[in-house]
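There are 2 protein chains.
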Amino acid sequence: MALEVNEKIREGWVADIRDLQDRICSALEQSDGKARFREDVWDREGGGGGRTRVIGNGDVFEKGGVNTSVVFGEVTQPMRDQLKIEGDRWFACGLSLVLHPQNPFVPTVHCNYRMFEMADRNGKITDRWFGGGADLTPYYLFEEDAIHFHRTHKEACDRSDAALFPEFKKECDRYFVNHHRNGERRGIGGIFYDHKRANGDRSDAFWIELAHACGDAFLPAYLQIVERRRNMPFTGEHKHWQEIRRGRYVEFNLVHDRGTLFGLRTNGRTESILMSLPPTVRFEYDHQPDKGSAEELLLNVCLQPRDWV
Amino acid sequence: MALEVNEKIREGWVADIRDLQDRICSALEQSDGKARFREDVWDREGGGGGRTRVIGNGDVFEKGGVNTSVVFGEVTQPMRDQLKIEGDRWFACGLSLVLHPQNPFVPTVHCNYRMFEMADRNGKITDRWFGGGADLTPYYLFEEDAIHFHRTHKEACDRSDAALFPEFKKECDRYFVNHHRNGERRGIGGIFYDHKRANGDRSDAFWIELAHACGDAFLPAYLQIVERRRNMPFTGEHKHWQEIRRGRYVEFNLVHDRGTLFGLRTNGRTESILMSLPPTVRFEYDHQPDKGSAEELLLNVCLQPRDWV
Chain A
41 MALEVNEKIR
51 EGWVADIRDL
61 QDRICSALEQ
71 SDGKARFRED
81 VWDREGGGGG
91 RTRVIGNGDV
101 FEKGGVNTSV
111 VFGEVTQPMR
121 DQLKIEGDRW
131 FACGLSLVLH
141 PQNPFVPTVH
151 CNYRMFEMAD
161 RNGKITDRWF
171 GGGADLTPYY
181 LFEEDAIHFH
191 RTHKEACDRS
201 DAALFPEFKK
211 ECDRYFVNHH
221 RNGERRGIGG
231 IFYDHKRANG
241 DRSDAFWIEL
251 AHACGDAFLP
261 AYLQIVERRR
271 NMPFTGEHKH
281 WQEIRRGRYV
291 EFNLVHDRGT
301 LFGLRTNGRT
311 ESILMSLPPT
321 VRFEYDHQPD
331 KGSAEELLLN
341 VCLQPRDWV
Chain B
41 MALEVNEKIR
51 EGWVADIRDL
61 QDRICSALEQ
71 SDGKARFRED
81 VWDREGGGGG
91 RTRVIGNGDV
101 FEKGGVNTSV
111 VFGEVTQPMR
121 DQLKIEGDRW
131 FACGLSLVLH
141 PQNPFVPTVH
151 CNYRMFEMAD
161 RNGKITDRWF
171 GGGADLTPYY
181 LFEEDAIHFH
191 RTHKEACDRS
201 DAALFPEFKK
211 ECDRYFVNHH
221 RNGERRGIGG
231 IFYDHKRANG
241 DRSDAFWIEL
251 AHACGDAFLP
261 AYLQIVERRR
271 NMPFTGEHKH
281 WQEIRRGRYV
291 EFNLVHDRGT
301 LFGLRTNGRT
311 ESILMSLPPT
321 VRFEYDHQPD
331 KGSAEELLLN
341 VCLQPRDWV
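First to last, the protein sequences are chains A and B. In our numbering, each residue carries its 1-based index in the first sequence increased by 40. In our numbering, each residue carries its 1-based index in the second sequence increased by 40.
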């Protein structure tokens, strides 16, 4: 299938991503009730820029960011070597968000929807692909929350094709893994897809529509969980466990996450990339939850992913 | 120069490294006065093992480890690809320590002395090299401490060759860099060397003697600084800044440190490798110290390394 080379795909994608950012930030501020997003608009040396919005010290959100960026440039030799990218020029536009709540019973969440294009020296687009996903990182397991988050995303995927969700859930469990910790996942799943190209029945429009549906699913998937858990009383021990698990989040993001490493290696804006790191973190030698505890239960579902729907 | 293939080099190195571990742990316990090292002896699937000793919640040391390991195995394809290692079998033995003090006026310290060997299928040694170093990560700058740490290591190096210290200081400033943060160093320097082989006047014995001298320099270099600073009163703001800077320590170790990545990729013991991570850490979006503050002064010497002796 020939690539659609008109500018409309790119323009439409950028506009949709920015609109999604606005809607999500507005709903999160309303949910938090206290904190407001701070916006930093930045330019990238080499091409493009972004709109970073961060929130912190809220009633719900201890730290978080909802970022969009539109970045492009020449493919450099380190990119060819380290990122296995082919072509002369690259373009990327996406939204990426991470929210770290105060209350250890409210899960951390991440989602990201992105489009990449490669072009030759003359600017002719030679490749285009889409990626995205949303994953949940609870500190304590509430099965109804896990089911709700997955079901909401399943319904969004099913509108495009019922075959997608099972594949994306599996990919999510395969991607967010701390390989240096016996395959422990950073959370309990969600959806993840990457390198999705126009192919057969699935046009660019198919993948764009999917990203719309999944992007729109984020707020209903997450905010219902926030409402259920935000007022649950917690102790210093619950907070301690949250900070230990946040340490695993840091390990995944800095050692394994392709998005983070891509950003740091392509001269991305470090503060925007690393806004994903949790506000307070603990690293303890050989920390083990007590046998039969709620903490151990959570750890076990990170070690042995479950199908929630 | 033909490699000395007798077992004595290896045996001697292992014995010396273990002896150094014993002496350092004993002196650190005495300095701390409260905490004791816990020892975990472990075997590595694939070959070898180690002796991990960790300390925590002390009067001086909030978290730390003094580890030795003797590990070996077959060179795997991922090692060839990612670590650019050639040969059939590898052997490594070293000591690695990191100490994170409670008091933000006491610096974090790291040192590491190691020997690698490569061998062919028949066990014949085809290559041998030495590496090592010690570096200081203060949260507040005390010039006399920086000078003392460097002078003590300079004197140790000078006993082998006065040309070494200037080279090793430069290498240290070149190695411990958060490249994604405009070249910010994780600390204020020390010494670093790697891939040192028998060559010309410098035999294996030369590099072993150097590691002895530098290893022996650690206690006098560091404990005098501990004694000067351990009882200085500090506030929550000082602790906050320490935790922000510890975040940069985490970033360096997980994104850039060759030793950490080598360990995680060669199926090393994760808990022993990641004992280097600080106990409590903060990540804040776009944190900037106040103009003219003691915090900014420290940041500036991390951005612009100085020669301290």
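Treat the hints as calculated values from the structure; they're not laboratory data. Check the hints yourself; a few may be wrong.
To be verified - Below are the DSSO-like pairs computed for lysine-lysine, each with C-alpha atoms no more than 30 Å apart in a straight line: (1) B:331 with B:194; (2) B:124 with A:124; (3) A:279 with B:210.
What the hints assert, rightly or not - Covered stretches of chain B (in silico footprint by chain A; criterion: 3 or more residues with CB under 8 Å from a CB of chain A, positions within the stretch not fixed): (4) 191-203; (5) 291-297; (6) 318-329.
Cβ atoms here follow ideal geometry from the backbone N, Cα and C, with glycine treated the same way.
To see whether the hints hold, each was checked on the structure:
no.	hint	in the structure
1	B:331 with B:194	33 Å, violated
2	B:124 with A:124	17 Å, holds
3	A:279 with B:210	42 Å, violated
4	191-203	violated (count 0)
5	291-297	holds (count 3)
6	318-329	holds (count 9)
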